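Student: Spelled out, the chains give:
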Amino acid sequence: MLELFDGPVPVEETLARWYKEEATSNYGAFIPFVGTIRDEDGISGLSFDIYTPILNSWFEAWQSKAKESGAVLKMAHSRGDVPLHTSSYIAAVFSPKRRVALEMIEEFVEDFKASAPIWKYDLKDGKRIYAAERSTKIKGSGLLKVKK
Amino acid sequence: MLELFDGPVPVEETLARWYKEEATSNYGAFIPFVGTIRDEDGISGLSFDIYTPILNSWFEAWQSKAKESGAVLKMAHSRGDVPLHTSSYIAAVFSPKRRVALEMIEEFVEDFKASAPIWKYDLKDGKRIYAAERSTKIKGSGLLKVKK
Amino acid sequence: MVTIEFLGPIQKEKISLQASSLNDVAVYLSADEELKGWLESCAVAVNDTMVTDLNTALKSGDRVSLLPPVCGG
Amino acid sequence: MVTIEFLGPIQKEKISLQASSLNDVAVYLSADEELKGWLESCAVAVNDTMVTDLNTALKSGDRVSLLPPVCGG
Numbered sequence: 130m131l132e133l134f135d136g137p138v139p140v141e142e143t144l145a146r147w148y149k150e151e152a153t154s155n156y157g158a159f160i161p162f163v164g165t166i167r168d169e170d171g172i173s174g175l176s177f178d179i180y181t182p183i184l185n186s187w188f189e190a191w192q193s194k195a196k197e198s199g200a201v202l203k204m205a206h207s208r209g210d211v212p213l214h215t216s217s218y219i220a221a222v223f224s225p226k227r228r229v230a231l232e233m234i235e236e237f238v239e240d241f242k243a244s245a246p247i248w249k250y251d252l253k254d255g256k257r258i259y260a261a262e263r264s265t266k267i268k269g270s271g272l273l274k275v276k277k
Numbered sequence: 130m131l132e133l134f135d136g137p138v139p140v141e142e143t144l145a146r147w148y149k150e151e152a153t154s155n156y157g158a159f160i161p162f163v164g165t166i167r168d169e170d171g172i173s174g175l176s177f178d179i180y181t182p183i184l185n186s187w188f189e190a191w192q193s194k195a196k197e198s199g200a201v202l203k204m205a206h207s208r209g210d211v212p213l214h215t216s217s218y219i220a221a222v223f224s225p226k227r228r229v230a231l232e233m234i235e236e237f238v239e240d241f242k243a244s245a246p247i248w249k250y251d252l253k254d255g256k257r258i259y260a261a262e263r264s265t266k267i268k269g270s271g272l273l274k275v276k277k
Numbered sequence: 013m014v015t016i017e018f019l020g021p022i023q024k025e026k027i028s029l030q031a032s033s034l035n036d037v038a039v040y041l042s043a044d045e046e047l048k049g050w051l052e053s054c055a056v057a058v059n060d061t062m063v064t065d066l067n068t069a070l071k072s073g074d075r076v077s078l079l080p081p082v083c084g085g
Numbered sequence: 013m014v015t016i017e018f019l020g021p022i023q024k025e026k027i028s029l030q031a032s033s034l035n036d037v038a039v040y041l042s043a044d045e046e047l048k049g050w051l052e053s054c055a056v057a058v059n060d061t062m063v064t065d066l067n068t069a070l071k072s073g074d075r076v077s078l079l080p081p082v083c084g085g
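The listed protein sequences derive, respectively, from chains A, B, C and D. At position 148 of the first sequence (counting the first as 1) the number is 277 in the working numbering, and the numbers step up by one without a gap. At position 32 of the second sequence (counting the first as 1) the number is 161 in the working numbering, and the numbers step up by one without a gap. At position 67 of the third sequence (counting the first as 1) the number is 79 in the working numbering, and the numbers step up by one without a gap. At position 63 of the fourth sequence (counting the first as 1) the number is 75 in the working numbering, and the numbers step up by one without a gap.
Just chain A, with the same shape it has in the complex:
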């Protein structure tokens, strides 16, 4: 399940809901990763653009991979502006055993950072500035650059 929110992700409510949803699914381990906007570099918040069709297929590919290990993934992400000290992101894995869950949450979050079609902007001095330096080229980038 992939959930998008306009503005901050309601963390307490979302964690509680996910926990309840899987309460009797017989998963022994549940690991959510919650990402919160830090006060740094004078920003007043972050803002996000998301390209949903590719995000969905990226997520579905991960969900299939998780299923092979008997696990299930959930994810929530913000669209638009997210103020300081609120959260823009939760990724979670449920699995029967802890090793699968510990390994999968790490791989899932890292691949999310490297591949998910989401663009981040700093909100600063009333402007929305693309976070170019913190962004990662998706694998295969540069395809359209004509070799001289």
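Some clues are possibly wrong.
Stretches of chain A that chain B covers, calculated by requiring three or more beta carbons in the stretch to come under 8 Å of a beta carbon on chain B [stated by the list, open to error]:
| hint | stretch |
| --- | --- |
| 1 | 133-144 |
| 2 | 148-155 |
| 3 | 175-185 |
| 4 | 260-271 |
These are calculated hints, taken from the structure and not from any lab test. For clarity, every value in this text was computed on a predicted model and none was experimentally measured. Even glycine gets a Cβ: it sits at the ideal position worked out from N, Cα and C.
Let chain A serve as the given structure and place chains B, C and D on it in line with the hints.
Tutor: Chains B, C and D only, in chain A's frame:
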């Protein structure tokens, strides 16, 4: 902070409370690990004994280690009986950045399993049976065995 | 005609053009001063599927998307 | 006198005995049939601090704890 509960850990409430406690501490990453009792081997639940003085010092040593990385740890655990599909354990790390949090939650949970003075029992057919096969000798075990 | 769309921070309206492969698209876009820099940093999708082969054939109605460097979370 | 206490699943009341080191405790306990098996699987704490040296000195009032294999979570 280390919290012990008689019976199941109230997961939704505990996660919400921890999240709120650190809401303005400027941690960018929050990763809780929630352990839930699986229905397996015909058990009706698990039961736990805890030796608090050594658990506290084990936890305090970890908290100091976390502090060196700018992180903070929280933990909740059950004492006594915990029925199927309820939770006996939450370990959580808050840290400024995700890499520290991802690495620390894994190390913390694994060391917890290997070192924390907690004993597990299966609740089965009205009996409380020590889970000897799933238990791990603490480092340095066998000290008192007299060599022949 | 195929459509080229620019995602995220690339401030550019979509373009329609004749192209029988991604290579045609590359040649066309490389003449666009606005896209300098973006071409080497962008990944490419055709009809919302990521592609990595410049010889990928295109047919009329296909949609090519340029995805700049990402940073979710 | 030092006190020996048995934690978790070891069903045994605490014992008091004269001992000037952990080695004395080891010798004493090894004669106890009930503890067969536990001695090789248990870790040891003195006054709630884990110890790994059999020469650890003991003084009157010290508390030695035996910790069987653990399984939290």
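Student: Find the hints from earlier in the document that the structure breaks and name them by number, from lowest to highest.
Tutor: Of the numbered hints given earlier, those the structure breaks are 3, 4, listed in rising order.
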